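K.L.:
Sequence:
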Amino acid sequence: MSKENTNASSIVSKVWAFCQTLRDDGVGYGDYLEQLTYLLFLKMADEYTKPPHNRTMPIPSEFAWETLTSKSGTELESHYNIMLRELAKEKGILGQIFVKSQNKIQDPAKLYKLIALINAENWILMGVKDKGDIYEGILEKNAEDTKSGAGQYFTPRPLIKAMVECLRPEPMKTIADPACGTGGFFLAAYDWIVANRDLDKDAAKFLKYETFFGNEIVASTRRLALMNLFLHNIGDIDSDNFISPNDSLITDSGTRYDYILANPPFGKKSSMTFTNEAGEQEKEDLTYNRQDFWVTTSNKQLNFVQHIRTMLKTTGQAAVVLPDNVLFEGGVGETVRKKLLDTTNLHTILRLPTGIFYANGVKANVLFFDGKPSSKDPWTKEVWVYDYRTNIHHTLKKNPLKLEDLRDFINLYQSENINKRTETYNSESNPEGRWRKFTYDEIIARDKTSLDITWLKDKSLADLDNLPDPDVLALDIVENIEAGLASFRAIISSLKS
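Each residue of the sequence shown is one higher than the one before, starting from 11 at the first, in my numbering.
Rather than coming from a laboratory, the hints here were simulated on the basis of the structure. Given the structure is predicted, the values throughout are model-derived calculations rather than measurements. Just to be clear, a hint being listed does not mean it is correct.
[Unchecked claim] Taking lysine to any residue and the SDA-like style, the derived pairs with C-alpha atoms no more than 25 Å apart in a straight line are: (1) K348 - K407; (2) K467 - E492; (3) K349 - K412; (4) K349 - F448; (5) K373 - G340; (6) K323 - R178; (7) K24 - D468; (8) K53 - D117; (9) K211 - E175; (10) K373 - I463; (11) K81 - L50; (12) K120 - F73; (13) K139 - P61; (14) K183 - D380; (15) K349 - S308; (16) K386 - W304; (17) K430 - D387; (18) K81 - A126; (19) K412 - R207; (20) K430 - P388; (21) K120 - R33; (22) K469 - T434; (23) K183 - W389; (24) K53 - G83; (25) K412 - P388; (26) K447 - E492; (27) K99 - Y219; (28) K373 - S308; (29) K373 - D415; (30) K151 - Y368; (31) K53 - T31; (32) K323 - R207; (33) K373 - D468.
From just these sequences and the hints, can you work out the full model?
P.N.:
Written as structure tokens, this is what we have:
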């Protein structure tokens, strides 16, 4: 292991150890991450003001890094609280990082220790990958804290990398995510482009400042995304931020993008909470009345499908994680599927296994489709389905999803020329083949134009001698029950309305 790697691992260990200390005081991973974000940002800004950079930073002198390192006890706590409040009023990415910031570390001695921990390292000199990996590691740990609900913002990184590898983004093109969470798709796309494309000066500048665009309505998650991009060398302290706090579904911005990579939030309903005349909290379904939408619905995922189709250039490519209900739901769901088949080339569906997301009970798929100009004939001619669900068992701890698990799919996807694809399924010679194509006419003939397509036999139902481990079976049962409960809640909600 190199000296640099050893040093990075050492820093990760220190950061983790201190996180555990704070957890004993009731400070969760999410709160710890926020404090780390504020302090890291200030420390790196301070490093930029010193040789060899000698840059002028937008941080007021009374809140410079030295004002934290020179104080302790209640004086430090008081100054830190004032600093957070005042920096939130600043312009640009500085104000965005500190918006709605609060001090969650109530013990001044522990705040002093965290500042000392960060002060001990030169973060600018550290490799982009090293400091980015430290932050990503804590983000993933935060996602594991299921009580906080942070997992809904964290898509498994191997899945993200596989989606990016299938799209193979070109430099000098735009990449968007209308529900970007902590920015995982942006980071994977950035890394892939840097590793696989030759970048001249203009292309490198475009990649850093003009490639990525996202939306994230949760303030704390958006803050983490901005810092995540900054630590991975995307954007700069004094550049415009790429991530809007606005609800992307409200309106069509008019901007069109070359690539869209997304995992829209779980949960079928879009809703808003308000206080009624009796002072009680009520929820009301949100519908988006947009001229560019095919249907008006409160179903969040169907709205995101419509919105992403609008955002996509007629030469663009999209890869979107969506739950099973989008593939089989009738009514407005069927209308959206038919329109998607007609107006884009919906060429690929990857069926995902359970046990890979931090949110339980999720059965999801990745839909790959290409933007197309208006036409009287359907653009989709055939849909290729890769079933990586049937007889596949993953768990977050014992058997987490790895990129190599999806290597067979990536190879069969044939990114360079999808017209050269070859089925692995054959009804006679290989009925267990996971890669199979269906024509447009075959799909349209299916009940409700369902894209929820299976053909493999579930071996656990027939081979009792080779059942998965009891913990895997138990997890499958829990996820199926939770998925069923979610469907029943949706039915009850629709009956009430």
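K.L.:
For each hint, tell me whether it holds in the structure or not.
P.N.:
Against the structure, the hints:
{"no.": "1", "hint": "K348 - K407", "result": "39 Å, violated"}
{"no.": "2", "hint": "K467 - E492", "result": "23 Å, holds"}
{"no.": "3", "hint": "K349 - K412", "result": "34 Å, violated"}
{"no.": "4", "hint": "K349 - F448", "result": "17 Å, holds"}
{"no.": "5", "hint": "K373 - G340", "result": "18 Å, holds"}
{"no.": "6", "hint": "K323 - R178", "result": "16 Å, holds"}
{"no.": "7", "hint": "K24 - D468", "result": "46 Å, violated"}
{"no.": "8", "hint": "K53 - D117", "result": "21 Å, holds"}
{"no.": "9", "hint": "K211 - E175", "result": "24 Å, holds"}
{"no.": "10", "hint": "K373 - I463", "result": "13 Å, holds"}
{"no.": "11", "hint": "K81 - L50", "result": "17 Å, holds"}
{"no.": "12", "hint": "K120 - F73", "result": "20 Å, holds"}
{"no.": "13", "hint": "K139 - P61", "result": "22 Å, holds"}
{"no.": "14", "hint": "K183 - D380", "result": "15 Å, holds"}
{"no.": "15", "hint": "K349 - S308", "result": "18 Å, holds"}
{"no.": "16", "hint": "K386 - W304", "result": "16 Å, holds"}
{"no.": "17", "hint": "K430 - D387", "result": "23 Å, holds"}
{"no.": "18", "hint": "K81 - A126", "result": "11 Å, holds"}
{"no.": "19", "hint": "K412 - R207", "result": "24 Å, holds"}
{"no.": "20", "hint": "K430 - P388", "result": "21 Å, holds"}
{"no.": "21", "hint": "K120 - R33", "result": "12 Å, holds"}
{"no.": "22", "hint": "K469 - T434", "result": "19 Å, holds"}
{"no.": "23", "hint": "K183 - W389", "result": "23 Å, holds"}
{"no.": "24", "hint": "K53 - G83", "result": "20 Å, holds"}
{"no.": "25", "hint": "K412 - P388", "result": "36 Å, violated"}
{"no.": "26", "hint": "K447 - E492", "result": "31 Å, violated"}
{"no.": "27", "hint": "K99 - Y219", "result": "23 Å, holds"}
{"no.": "28", "hint": "K373 - S308", "result": "20 Å, holds"}
{"no.": "29", "hint": "K373 - D415", "result": "18 Å, holds"}
{"no.": "30", "hint": "K151 - Y368", "result": "11 Å, holds"}
{"no.": "31", "hint": "K53 - T31", "result": "22 Å, holds"}
{"no.": "32", "hint": "K323 - R207", "result": "22 Å, holds"}
{"no.": "33", "hint": "K373 - D468", "result": "16 Å, holds"}
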